[in-house]
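Enquirer: Here the structure of chain Z is known, so what remains is to put chain B in place on it, guided by the hints.
Read off the chains here:
Protein chains: 2
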Amino acid sequence: MTQMAKAREGIITEEMKIAAQYEGIDPEIIRKGVAEGTIVVPANINHKGLKPRAIGKGMKTKINTNFGMSRGKEDQEYELEKLQLSLDMNSDTVMDLSIGGDIKGLLKRVIEKSPVAVGTVPAYQMIAEKGIFFTAEDFFEAIIDQAKLGVDYMTLHCGVNQSSLKLLDDSKRIMNCVSRGGGVMLNWMKKNGTENPLFEYYDRLLDIAAEYDVTLSLGDGFRPGSIHDATDKHQIHELRILGELTLRAWEKNVQVMVEGPGHVPLDQIATNVKLQKTLCHGAPFYVLGPLVTDIGAGYDHITAAIGGAVAAWHGVDMLCYVTPAEHLRLPALIDVREGIAATKIAAHAGDLAKGVTSYSEKDNVMSRARKDYDWEKQRELAFDKIKFDKYQKDGEQGDKKQCSMCGEYCPMRES
Amino acid sequence: MTQMAKAREGIITEEMKIAAQYEGIDPEIIRKGVAEGTIVVPANINHKGLKPRAIGKGMKTKINTNFGMSRGKEDQEYELEKLQLSLDMNSDTVMDLSIGGDIKGLLKRVIEKSPVAVGTVPAYQMIAEKGIFFTAEDFFEAIIDQAKLGVDYMTLHCGVNQSSLKLLDDSKRIMNCVSRGGGVMLNWMKKNGTENPLFEYYDRLLDIAAEYDVTLSLGDGFRPGSIHDATDKHQIHELRILGELTLRAWEKNVQVMVEGPGHVPLDQIATNVKLQKTLCHGAPFYVLGPLVTDIGAGYDHITAAIGGAVAAWHGVDMLCYVTPAEHLRLPALIDVREGIAATKIAAHAGDLAKGVTSYSEKDNVMSRARKDYDWEKQRELAFDKIKFDKYQKDGEQGDKKQCSMCGEYCPMRES
Numbered sequence: 001m002t003q004m005a006k007a008r009e010g011i012i013t014e015e016m017k018i019a020a021q022y023e024g025i026d027p028e029i030i031r032k033g034v035a036e037g038t039i040v041v042p043a044n045i046n047h048k049g050l051k052p053r054a055i056g057k058g059m060k061t062k063i064n065t066n067f068g069m070s071r072g073k074e075d076q077e078y079e080l081e082k083l084q085l086s087l088d089m090n091s092d093t094v095m096d097l098s099i100g101g102d103i104k105g106l107l108k109r110v111i112e113k114s115p116v117a118v119g120t121v122p123a124y125q126m127i128a129e130k131g132i133f134f135t136a137e138d139f140f141e142a143i144i145d146q147a148k149l150g151v152d153y154m155t156l157h158c159g160v161n162q163s164s165l166k167l168l169d170d171s172k173r174i175m176n177c178v179s180r181g182g183g184v185m186l187n188w189m190k191k192n193g194t195e196n197p198l199f200e201y202y203d204r205l206l207d208i209a210a211e212y213d214v215t216l217s218l219g220d221g222f223r224p225g226s227i228h229d230a231t232d233k234h235q236i237h238e239l240r241i242l243g244e245l246t247l248r249a250w251e252k253n254v255q256v257m258v259e260g261p262g263h264v265p266l267d268q269i270a271t272n273v274k275l276q277k278t279l280c281h282g283a284p285f286y287v288l289g290p291l292v293t294d295i296g297a298g299y300d301h302i303t304a305a306i307g308g309a310v311a312a313w314h315g316v317d318m319l320c321y322v323t324p325a326e327h328l329r330l331p332a333l334i335d336v337r338e339g340i341a342a343t344k345i346a347a348h349a350g351d352l353a354k355g356v357t358s359y360s361e362k363d364n365v366m367s368r369a370r371k372d373y374d375w376e377k378q379r380e381l382a383f384d385k386i387k388f389d390k391y392q393k394d395g396e397q398g399d400k401k402q403c404s405m406c407g408e409y410c411p412m413r414e415s
Numbered sequence: 001m002t003q004m005a006k007a008r009e010g011i012i013t014e015e016m017k018i019a020a021q022y023e024g025i026d027p028e029i030i031r032k033g034v035a036e037g038t039i040v041v042p043a044n045i046n047h048k049g050l051k052p053r054a055i056g057k058g059m060k061t062k063i064n065t066n067f068g069m070s071r072g073k074e075d076q077e078y079e080l081e082k083l084q085l086s087l088d089m090n091s092d093t094v095m096d097l098s099i100g101g102d103i104k105g106l107l108k109r110v111i112e113k114s115p116v117a118v119g120t121v122p123a124y125q126m127i128a129e130k131g132i133f134f135t136a137e138d139f140f141e142a143i144i145d146q147a148k149l150g151v152d153y154m155t156l157h158c159g160v161n162q163s164s165l166k167l168l169d170d171s172k173r174i175m176n177c178v179s180r181g182g183g184v185m186l187n188w189m190k191k192n193g194t195e196n197p198l199f200e201y202y203d204r205l206l207d208i209a210a211e212y213d214v215t216l217s218l219g220d221g222f223r224p225g226s227i228h229d230a231t232d233k234h235q236i237h238e239l240r241i242l243g244e245l246t247l248r249a250w251e252k253n254v255q256v257m258v259e260g261p262g263h264v265p266l267d268q269i270a271t272n273v274k275l276q277k278t279l280c281h282g283a284p285f286y287v288l289g290p291l292v293t294d295i296g297a298g299y300d301h302i303t304a305a306i307g308g309a310v311a312a313w314h315g316v317d318m319l320c321y322v323t324p325a326e327h328l329r330l331p332a333l334i335d336v337r338e339g340i341a342a343t344k345i346a347a348h349a350g351d352l353a354k355g356v357t358s359y360s361e362k363d364n365v366m367s368r369a370r371k372d373y374d375w376e377k378q379r380e381l382a383f384d385k386i387k388f389d390k391y392q393k394d395g396e397q398g399d400k401k402q403c404s405m406c407g408e409y410c411p412m413r414e415s
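Chains as they are written, first to last, in this note's numbering: chain Z, 1 to 415; chain B, 1 to 415.
With the rest of the complex left out, here is chain Z (with noise of 0.2 Å):
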C-alpha cells in the first residue's frame, strides 16, 4: 500500500510522522494531504533508511540537489561528494541524473547513503544504454530495476505525447525543447512514428508506482527555455495532458508532483504556479528555476534564485536547484555549494513571504546574533558555512565588536 493508499484509510504512518516532525506540525495535517493528493512523501517500500520529508501545501518549501555522471565523466566518488555537500547543507531531496557509466551501481549506492528521498530520470539510463533505440518494454523494465532498487520518485515526461509533437507544426518558440528526458520522448516519437510508452501505457506505469510508492514527478517537456516562450500554448497544453494523469494517477493511489518551467519572466509567476494549482489539482509543484532573464549565463543560480523565491511565495511546494554553471558546463564541487546555498535562499525567503516560516524562527535570532556581534551564532544560521568562515576570518579586526566594512564606526554599536 502506498502513502497515499494509507492515507486515505486514515492511516498515520511512521514515515508522515517522520515528516511531520521536521516540518514541526500534526502528522494528522500531512495524512490529509497525502490523501487529497496536496502533498506527497515520497517513499519507496524500498529505501531502507528514509527519512522522508513533506512536499506540498503549507509545508515548508523544499529544495532539491542534482548530481550525476556523464560520459567521460564517470567518477562515483565525486559525484557521492556531491551528495554528502548536499545532505551538509540539508537539502530535501536529491537527484541521480547519471547519463554516464555504471548507472545503476552509483544509484544503488547514493540510495543506500541518502536518508532523503532520491529522484532519477529513468530515460536517461536508456539513452545511455540504447540511444534511442530502445522498446517501450526496455523503458519499463529500467523503470522497475530502479523501483526495486528504491528510488523514491521519479521524472517521467508521460505528457510528451503525439498531439503535444503535433502542436510544433506551427511553433512559434525560440527553442521547442529543452528538456532533456523530454527530448528523449520526442524524439524517440519522431523515430518510431507512434505514441509516448508512457502516456500509452501510463496504466501500467501506475501499477509499478503504486507496487513500490514511487511518486510520479510528471516532467515538463515543454518548459520554456527562454522567456520568450513562457506561458504558451505548448507549455498549457502538456500542462492540462498532466492534470488529466494527476488524476489517473489518484485513482490508483499514486503520489504524484508536477514539474514545471523554466524560464519565466516575473511577472508571469504567479500566472503560471496558479495555472498549475487549478489544471493540476492541487498537486505539487516541483520547479526548475523558474529563471527570470535568459542572459543570466555565470549567474543563472541568482536568475533562478529570484524567479524561485517568488515562486516559493505563490505556492510552489520544491524548487530545484540551478547552479552557476547552467548552460556552460556540468556542475563542479563548488557550483553546487553555491547552487545549494542559493536555493536554500529562494525557499527560505518565499516560505517568510507566504507565511509558512515565522520570523523568529531563524531571522531575528540572525538579526539578534548580529547586533550582539555573535559570530559564532551567526555562523550556525548560515546556509554555506564555509564560506561564512572564510569571509568572517577575512573581515575580523580590533575588538571583535565590528569587522572591516565599517570598522569602528559599525552603526550598531551606538544606535
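In short, the hints are calculated from the structure, not lab data.
Don't take every hint at face value.
As the list claims (entries may be wrong) - For lysine to any residue, the following SDA-like pairs were computed, each having C-alpha atoms within a straight-line distance of at most 25 Å: (1) Z:Lys190 x B:Gln402; (2) B:Lys362 x B:Tyr373; (3) B:Lys371 x Z:Ala332; (4) B:Lys73 x Z:Gln402; (5) Z:Lys390 x B:Gly72; (6) B:Lys130 x Z:Cys410; (7) B:Lys172 x Z:Tyr359; (8) B:Lys104 x B:Ile132; (9) B:Lys377 x B:Gly24; (10) Z:Lys274 x B:Asp267; (11) B:Lys393 x B:Arg368; (12) B:Lys108 x B:Ile45; (13) Z:Lys354 x Z:Gly282; (14) Z:Lys390 x B:Ile386; (15) Z:Lys401 x B:Lys73.
What the hints assert, rightly or not - Per label pair, the in silico range of CB-to-CB distance: (16) B:Lys393 x Z:Asn192: 35 to 43 Å; (17) Z:Arg413 x B:Lys274: 27 to 35 Å; (18) B:Arg204 x Z:Ile25: 53 to 61 Å.
Unchecked claim - From the structure, some residues in chain B lie toward chain Z, with a derived Cβ separation under 7 Å: (19) Ile127; (20) Ser226; (21) Gly298; (22) Ala353; (23) Tyr359; (24) Ser367; (25) Arg368; (26) Leu381; (27) Met412.
This one's a predicted model, so the numbers in the text were calculated from it and none came from an experiment.
Beta carbons are placed, not taken as given, at the ideal position from N, Cα and C, and that holds for glycine.
Expert: Quick look at chain B alone, frame taken from chain Z:
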C-alpha cells in the same frame, strides 16, 4: 541653473540628450520627468566628462556600485580598480564611500576618471576627520568642498531629526539603526542635544545643492536592518519627513532621490515602493537591496537580488549593489564583480517585468544564440565575461554543439 530649473523652463540640456540616447527615448520625456521631479539626471556642473544617465519613472532601472578606502585599507589604486571594474560592467553610478585615507585625494581621481555620476556620503568625511566632534559649519564646509570637486549626488541623512530620535524611546526594533551615515547623525544629536544641522539648516543645504546642481539622495537612517523591523513606524516616520523635504527641494529646483531599505520580506516590497511613491510625491526611489531574509550571510548579493528584482518590477528606480561580503567584510574585487552581476540581473529582470526593456533587446538574442550554439554571441551578452569564459571553456567538449552539462544529449540539437 540646475537641470531641474532648465527643464522647468522647457530647456532640453545636453545632459538630458545624452541620458535619452542611452535610454533610447525622446529627450523630451526626460525633460518632462526632471521638471516634475520623477526623474533625476545627476550632473554636477564641475564634473567634466560626465555622461549622465537618467534615474526615475519610465527609465531602465539603474544600479550603483560602492567602493572606498577604510582606515587601515588606504590603497587608492585598489579602489580605482573597483571603479574600473564598475565601469567595465556598466554600472550606472558609483559611490566613493571612503572612510579613511586621503578621502578628497581619491574622490578627485574618481571624479576625473568616471564618466558616470559619482555619489558620496559627506558624513563619512566628517567622522574620518573629526569623529563626531564636528560642528555644523564643518559639515557644510565638507559638503561645499565635495560639491566643488564635482560630486553629482550626495547621500544626506536630513530626516534623522529630533522627532525620529525621540521615537526610539519606545522602539521595538531589533536594531535601531544600521545606517552608517544615519548613525553618525544620531550620535551627533545625542552628544550635542541639538537638532541635526542638515534638517535645521536644510535651506542652506538646498542653496549649495542648487549652486553646483548636486542631486540630493535623501538618506534613510532608519532603514530596517532586519526583516523584523521592516515597514515599521520609524521607517515610515522618516519617509514622511523625506517627502516634505522633497517638496522643499523642488521649490528650489534641486533634484532629489529618496533612499530606501534595507531588509524587507518579499511580501512587503510592493507596499514599500507604493508608500515611497505616494509619501515622496513620485521622487525616484533608490534602494539598498532590499534583502528578503536576514540569514543569507555570504550570499547577500542573492538575498538582495531577489528583493531588488521585485522592487524594480514595482517601480524602484535604482538599486544599490550588495556584495557577498555584506555583513562580514569590506568587499574585495571578486565581491564587487559578483555584486555588480547580481544587481544588474535584478535590475534587468525587474525591467522585463515592468516592461521598460523588451525581451527582444537581449533575452531573445541570447536564447537564439544558445539554440545556435553561438558561444561568442552569448559571451557578448553575459554580464561577467571573465566568469563566462572560465565556465564556457571548462564545459567545452566534442563538436561545440554541446557542453558538458548534457553532452551529446543536448535537447536543443534535434528538437
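Enquirer: Against this structure, judge whether each hint is valid.
Expert: Now the hints, each set against the structure:
1. Z:Lys190 x B:Gln402: 21 Å, holds
2. B:Lys362 x B:Tyr373: Within the cut-off at roughly 16 Å; holds.
3. B:Lys371 x Z:Ala332: 24 Å, holds
4. B:Lys73 x Z:Gln402: 15 Å, holds
5. Z:Lys390 x B:Gly72: Distance ~20 Å between Lys390 (chain Z) and Gly72 (chain B) Cα, so the pair holds.
6. B:Lys130 x Z:Cys410: 16 Å, holds
7. B:Lys172 x Z:Tyr359: At roughly 15 Å apart (the allowed maximum being 25 Å), Tyr359 (chain Z) and Lys172 (chain B) satisfy the hint.
8. B:Lys104 x B:Ile132: 19 Å, holds
9. B:Lys377 x B:Gly24: With a Cα-Cα distance of about 22 Å, the restraint between Lys377 (chain B) and Gly24 (chain B) holds, given a limit of 25 Å.
10. Z:Lys274 x B:Asp267: 17 Å, holds
11. B:Lys393 x B:Arg368: Distance of about 20 Å is within 25 Å: holds.
12. B:Lys108 x B:Ile45: The given pair, whose Cα atoms are some 14 Å apart, holds under the 25 Å limit.
13. Z:Lys354 x Z:Gly282: The given pair, whose Cα atoms are some 17 Å apart, holds under the 25 Å limit.
14. Z:Lys390 x B:Ile386: 23 Å, holds
15. Z:Lys401 x B:Lys73: 18 Å, holds
16. B:Lys393 x Z:Asn192: 35 to 43 Å: 38 Å Cβ-Cβ, so the 35 to 43 Å window holds.
17. Z:Arg413 x B:Lys274: 27 to 35 Å: 34 Å, holds
18. B:Arg204 x Z:Ile25: 53 to 61 Å: Between Arg204 (chain B) and Ile25 (chain Z), where Cβ atoms are some 60 Å apart, the hint holds.
19. Ile127: 6 Å, holds
20. Ser226: This hint holds: Ser226 (chain B) lies near chain Z, its Cβ roughly 3 Å from the closest one there, short of 7 Å.
21. Gly298: Holds, about 4 Å.
22. Ala353: Hint on Ala353 (chain B): holds, closest Cβ of chain Z at ~4 Å, below 7 Å.
23. Tyr359: 5 Å, holds
24. Ser367: 3 Å, holds
25. Arg368: 6 Å, holds
26. Leu381: 5 Å, holds
27. Met412: Holds: closest Cβ of chain Z sits about 6 Å from Met412 (chain B), inside 7 Å.
In summary, the structure agrees with every hint in the numbered list given earlier.
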